[in-house]
Amino acid sequence: MNNQIDITNDEKLLSKLLESDPDLTIEDALENEMVINMGPQHPATHGVLRLVLRLDGETVVKCVPELGYLHRGYEKMAENMNYYDYIPHTDRLDYTANLCNNVAYVLAVEKLAGIEVPERATYIRMIINELGRIMGHLVAVGTFALDVGAVTAFMWTFREREFIQNIFDKLIGARFTTSYTRLGGVSADAKDDSLSMIKEFLEKFVYAFDEFERLLNTNRIFVERLDGTGILPKEDAIALGITGPNLRGSGVEYDIRRAKPYMFYDRMDFKVPVYHECDSLARYFVRVDEIKESVKILYQCLEQIKPGPVLANDPKNVLPHKQEIYTKMEELIYDFMLVNFGINPPVGDTYFSVENPKGELGFYFVSNGEGHPWKLKIRSPSFCNIQALPLMVKGQMISDVVAIIGSIDPVMGEADK
Amino acid sequence: MEFRELVTTKTKEKFGSDVVDITNFRDDLSIEIKPERLLSFCKFLKEDSELDFAMCVDVTAIDWAKRKNRFTTVYHIYSLTNNFNLRIKSTIEDAKNPEIDSVTSVWKSADWYERETWDMYGIKFKNHPDLRRMYMPETFEYYPLRKDFPVMGIPGSLPLPKKEED
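One line per chain: the protein sequences are A and B, in this order. Heads up, the first sequence stops at 417 in our numbering, and the numbers go up one at a time, no gaps. Heads up, the second sequence stops at 166 in our numbering, and the numbers go up one at a time, no gaps.
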């Protein structure tokens, strides 16, 4: 028995269909290109990224990313608040590694205003920066594995991430929205117990991460699915302004920590992992190796850190401690001036960029000598990295699009600003 | 010779009278060039084998609000081989209908950066392949990062979806 009705042969049914819908055309479905809309509300697009895909069967012919679903106007807001007020907003840029943003922002302002930072504060900043990098990369590789179907790996990375957040809870007092750094230092000194907590975490983490690696690297489905997908050739990566692990996965050795050392990265002994395969798997391996290098840097920081002040003594630019404000007249005046009028950096413009988990995060300030910036431009790595997506998914299967997005690891909070 | 000096001497040699200003604030080398020569200057920076500025890091603009030449476009470029960041600026004279050449033909990455600048400042990039708004909807009439746009926004400028009647 053949229950299926061939629609093109049944003229009665066809005429009825055309009556109800005059625009209906019936052609061979396999012969036609189809446009589908992926996102913005899609669990695998890591936020609210919208892709309009043109498909030929299952192959992607063209891809157009649409951004702006999380646009909050952070650059506009920066023009209307003083330099201190903006620190909490940097948490919300790349929310998987918010401490890295905090550090990047204050370093950029310090370059503009010329503030010197005490040594201990810089070490603390490096420690939180590297912990933030581990956090960001754990989310990246975890969700990447989830995107291609490895749910266990996702759980394991988030378990480790949870431990790091416990450290932040102890060190900073907040797990997620940290806002820990201040111009000229950090808001509170790192106590010995939180530093030893980091040490304890690292000892356990090395084994846990090794376990995680063995789980994924020996997983044939994971490796063979990613091997050779989402090719981003070296020349295109440079031309498109890709930075971070995505660039290093394409065989370019460019890490700002090494190229233009900021803080004390010139004192650290670490490698810059580079892979030349240019595919999704290479980008995954770069992230995994970077986590291990971060652990190395953390051990060195914990060894080198010495007691000392954590906030610069620079009354014109740095907020004094609360205790001093309540007991000393001069500090009270400085506090009043800073809170009401902000720091007044010299007239000029500076650009400062750091190596964030996602790539090069840069802040471009234009100051006209007032308490708030005349202009702030955030050079967000995710925004630039998504630009390579159309190139990477072209000619790939539709099921691989999700994996390729995961391998670029965009965070829309940062891309949309 | 230090690379910083090499850039400035080569620029002066080739573009002598078209260079408006060269500053070195906080060790950031910044070269301001006349907008007519911007494209050829960018091409020169990229294609010169010694300079080799292969990467465009960022494109943005500054709205000076009350100045006569209201808009300045800013380009941050980077040379991988020389490990050097350079800033190029170009001030547009027309404040009503700001227009400048697009540098997408030199650096592919400028595509989205220029779209963002068009979206935020309303600066038209000539010969841009796909100049659509980046973040705001296409029907949005204002340019949010201009100084005359209020921080609180303009009521009614972004229509909300109609509520379905029960």
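The hints are simulated quantities; they were obtained by calculation from the structure and are not laboratory data. C-beta: ideal position from N, C-alpha, C; glycine also. Please note that a few of the clues may not be correct.
[As the list claims (entries may be wrong)] Chain B side only, calculated, beta carbon under 8 angstroms to chain A, not exhaustive: (1) PHE25; (2) LYS108; (3) TYR142; (4) PRO144; (5) VAL151.
[As the list claims (entries may be wrong)] Taking lysine to any residue and the SDA-like style, the derived pairs with C-alpha atoms no more than 20 angstroms apart in a straight line are: (6) LYS147/B to HIS71/A; (7) LYS46/B to PHE25/B; (8) LYS96/B to LEU29/B; (9) LYS260/A to PHE25/B; (10) LYS260/A to LYS147/B; (11) LYS147/B to GLY149/A; (12) LYS126/B to ASP148/B; (13) LYS46/B to GLU235/A.
[As the list claims (entries may be wrong)] Now the in silico label distances, taken between C-beta atoms and shown as ranges: (14) SER40/B to ILE221/A: 46 to 56 angstroms; (15) LYS328/A to LYS12/B: 27 to 37 angstroms; (16) GLU324/A to GLU164/B: 40 to 50 angstroms; (17) PHE140/B to ASP169/A: 35 to 45 angstroms; (18) ASP236/A to LYS126/B: 33 to 43 angstroms; (19) GLU36/B to GLU324/A: 23 to 33 angstroms; (20) ASN37/A to PHE140/B: 19 to 29 angstroms.
Among the hints numbered above, which are violated by the structure, and what are their numbers in rising order?
Of the numbered hints, 3, 7, 8, 10, 11, 12, 15, 16, 18, 19 do not hold.
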